[in-house]
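Student: Read off the chains here:
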Amino acid sequence: MASEGDRRSDPEVERRSRLLGGLHFEGEGARGVAIALVSTAVFVAILIAAVTQSPGWPEVKRTFFDWGDISNAFPDIARAFVLNVKIFLVCEVFILVFALLIAVLRSLRGPVFFPLRALAIVYCDVARGVPTILVILLLGLGAPALQLTGVPRSRVFWAGVALIFVYSGYVAEVYRAGIESVHPSQEAAARSLGLSRFQALRRVILPQAIRRVIPPLLNDFIGLQKDTALVSVLGVVEAVNQTQIDSAATFTFGAYLAAAALFVAITIPLARLTDWLIARDRQKRQAGGAFA
Amino acid sequence: MSALHLDGVRKSFGATEVLRGIDLELEDHEVVCLIGASGSGKSTLLRCVNLLEPLDAGRIFLGGEEITRRAADVNAVRRRIGIVFQAFNLFPHMTVLRNVTLAPRDVLGLSRAEAEARALELLARFGLADRAGEYPDRLSGGQQQRVAIVRALAMRPELMLLDEVTSALDPELVAEVLSVIRELAEGGMTMLIATHEMGFARDIANRVCFLDDGQILEQGSPQAIFSNPTEQRTQQFLERIIEAGRL
Numbered sequence: 001m002a003s004e005g006d007r008r009s010d011p012e013v014e015r016r017s018r019l020l021g022g023l024h025f026e027g028e029g030a031r032g033v034a035i036a037l038v039s040t041a042v043f044v045a046i047l048i049a050a051v052t053q054s055p056g057w058p059e060v061k062r063t064f065f066d067w068g069d070i071s072n073a074f075p076d077i078a079r080a081f082v083l084n085v086k087i088f089l090v091c092e093v094f095i096l097v098f099a100l101l102i103a104v105l106r107s108l109r110g111p112v113f114f115p116l117r118a119l120a121i122v123y124c125d126v127a128r129g130v131p132t133i134l135v136i137l138l139l140g141l142g143a144p145a146l147q148l149t150g151v152p153r154s155r156v157f158w159a160g161v162a163l164i165f166v167y168s169g170y171v172a173e174v175y176r177a178g179i180e181s182v183h184p185s186q187e188a189a190a191r192s193l194g195l196s197r198f199q200a201l202r203r204v205i206l207p208q209a210i211r212r213v214i215p216p217l218l219n220d221f222i223g224l225q226k227d228t229a230l231v232s233v234l235g236v237v238e239a240v241n242q243t244q245i246d247s248a249a250t251f252t253f254g255a256y257l258a259a260a261a262l263f264v265a266i267t268i269p270l271a272r273l274t275d276w277l278i279a280r281d282r283q284k285r286q287a288g289g290a291f292a
Numbered sequence: 293m294s295a296l297h298l299d300g301v302r303k304s305f306g307a308t309e310v311l312r313g314i315d316l317e318l319e320d321h322e323v324v325c326l327i328g329a330s331g332s333g334k335s336t337l338l339r340c341v342n343l344l345e346p347l348d349a350g351r352i353f354l355g356g357e358e359i360t361r362r363a364a365d366v367n368a369v370r371r372r373i374g375i376v377f378q379a380f381n382l383f384p385h386m387t388v389l390r391n392v393t394l395a396p397r398d399v400l401g402l403s404r405a406e407a408e409a410r411a412l413e414l415l416a417r418f419g420l421a422d423r424a425g426e427y428p429d430r431l432s433g434g435q436q437q438r439v440a441i442v443r444a445l446a447m448r449p450e451l452m453l454l455d456e457v458t459s460a461l462d463p464e465l466v467a468e469v470l471s472v473i474r475e476l477a478e479g480g481m482t483m484l485i486a487t488h489e490m491g492f493a494r495d496i497a498n499r500v501c502f503l504d505d506g507q508i509l510e511q512g513s514p515q516a517i518f519s520n521p522t523e524q525r526t527q528q529f530l531e532r533i534i535e536a537g538r539l
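Sequence order for the protein chains is G and B.
Note that my numbering has the first sequence beginning at 1, numbered continuously upward.
Note that my numbering has the second sequence beginning at 293, numbered continuously upward.
Worth flagging that the hints you see were computed from the coordinates, not collected in a lab.
All C-beta atoms, glycine included, are put in the ideal place defined by N, C-alpha and C.
Hints are supplied without guarantee of correctness; some may be wrong.
Claimed, not checked - Every beta carbon over 12 Å from chain B, so not counted as near; a handful from chain G, in silico:
no., residue
1, 47
2, 66
3, 79
4, 104
5, 194
6, 205
7, 241
8, 245
9, 256
As the list claims (entries may be wrong) - Just so you have them, the derived chain G footprint on chain B, three or more residues with Cβ under 8 Å:
no., region
10, 375-389
11, 442-455
Build the full structure now, drawing on both the sequences and the hints.
Tutor: Right, dumping it as structure tokens:
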């Protein structure tokens, strides 16, 4: 009893376990692990009981949790999911480059650069303001309909452009936060050595800025990976559309669980990587050698 | 022809006029120390000479050439002037060697081998040879400031500006930095030094300027300024310094 009270009142342990998603039991030993296991088991048991005792459960069980449905649908969906991963990977590369350009334009000082700065601000506002699904519909249906020569008609292509457009707005803001976090004295030191504005940016400011924003950048990529599912609104056969095809054939929804499992299989490792990078960054800063 | 010539330099930040008409001339190989209370304009004056702050009025000449004219190439001017800051301002994501070779390589176009040879020679001269591969965070304040001086020297500047370079250091680390500056002075480097180290200013300076409220109120040999100041404000300032045990 006493030790339980002590632990609960120890803010350091509580803070750490909250930050690391409750996966750490530092300094608590076997007793802590045991308590965590029992408490989790009780929690899960209550949850299962609540769901399986519900009036609609037999019907839900039949339509969602039929193992046969799930495993039958899985290969098709996995094949379609490859398209989601491709869209994600290709878009990510373009977003990283394009957003950096926007962020640099936005951080230019001096009256000469006002139009560029204004353009970058308007871009970020619009890209973040319009719902992603609308941008995908507008570009995916609108751009091919123009029938311009030399412009691709592929809906996948335009869906990718839409995702790049939207996500670059977010990522540009992340980069900008990084650029602004580098102290002005760093630029003064670089310029005082005779480096041009561009050289100072490239050699001194951006390397420090980008290092600081890697965790939030990864966060945005978890979002991007999920949002590749929105491409389904254009009728492109990716994981979500394939799921709808499968469930329409069987009148069950097990396929949705298969699709969800595939997305989670990519996003969870990304999330853990982000946590790990944040934790490592904090440790380094506490050790006093952020770059050592 | 003087190494550096300031003619009626004025600078305001908002409504505050920080420099109110500064006239100053440095001969080649001359070491001039700027003393005065915090806020008297010492740092701003150095930043203006390095064109880090635009002037509101007045002109600055480096080696006879006006560097404040509109057409002047600021990057080319800064190549000729080294500045060392109170807070070191080393680049934390680069090793000591990279800090020192960055500008010679990117600005002067030296090859990597040439730049590193020049850097290692300077680092060795100031007792930092074994620190070349370290990151700045792993060095003491005194070592960091010596690296900052070496970084400026690697550009072979014709003028060095030192902005209270010992003010951020623990007392026991001040001497190692001052001895580097003394060595530079003996080597004939032209220097304009803002400092609170009065004993050091008395030893090293050819001339001392007392700045008060954005003007050079009094200047002369260290002997004259420290032992026989004529202006009342200078006397008051030095009395406060002596009370604080800094002279």
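Student: Against each hint, give a clear statement of whether it holds in the structure.
Tutor: Against the structure, the hints come out as follows:
Annotated as non-interface, residue 47(G) keeps its C-beta farther than 12 Å from every C-beta of chain B; the closest such distance is 47 Å. For residue 66(G), the requirement that its beta carbon stay farther than 12 Å from each beta carbon of chain B is met, with the minimum near 55 Å. Every C-beta of chain B lies more than 12 Å from that of residue 79(G), the closest at about 43 Å, which supports listing it as non-interface. With a cut of 12 Å on Cβ distances, residue 104(G) stays outside the contact zone with chain B, its closest approach being about 18 Å.
The claim that residue 194(G) is not at the interface with chain B is violated, since a C-beta of that chain comes within 12 Å of its own (minimum 4 Å). Distance check for residue 205(G) against chain B: the nearest CB is about 10 Å away, which does not clear 12 Å, and the non-interface claim fails. Consistency note on residue 241(G): stated as away from chain B, and its beta-carbon is indeed over 12 Å from all of that chain's, at 45 Å minimum. Residue placement check: residue 245(G) keeps its beta carbon more than 12 Å from all beta carbons of chain B (closest about 50 Å).
No beta-carbon of chain B is positioned within 12 Å of the beta-carbon of residue 256(G); the least distance is around 46 Å. A stretch counts as covered by a chain when three or more of its residues have a beta carbon under 8 Å from one of that chain; for the region 375-389 of chain B and chain G the count is 8, and the coverage holds. By the rule of at least three residues with a Cβ nearer than 8 Å to a Cβ of chain G, the coverage given for the region 442-455 of chain B holds, with 3 such residues.
Going through the hint list in order, the structure does not satisfy hints 5 and 6.
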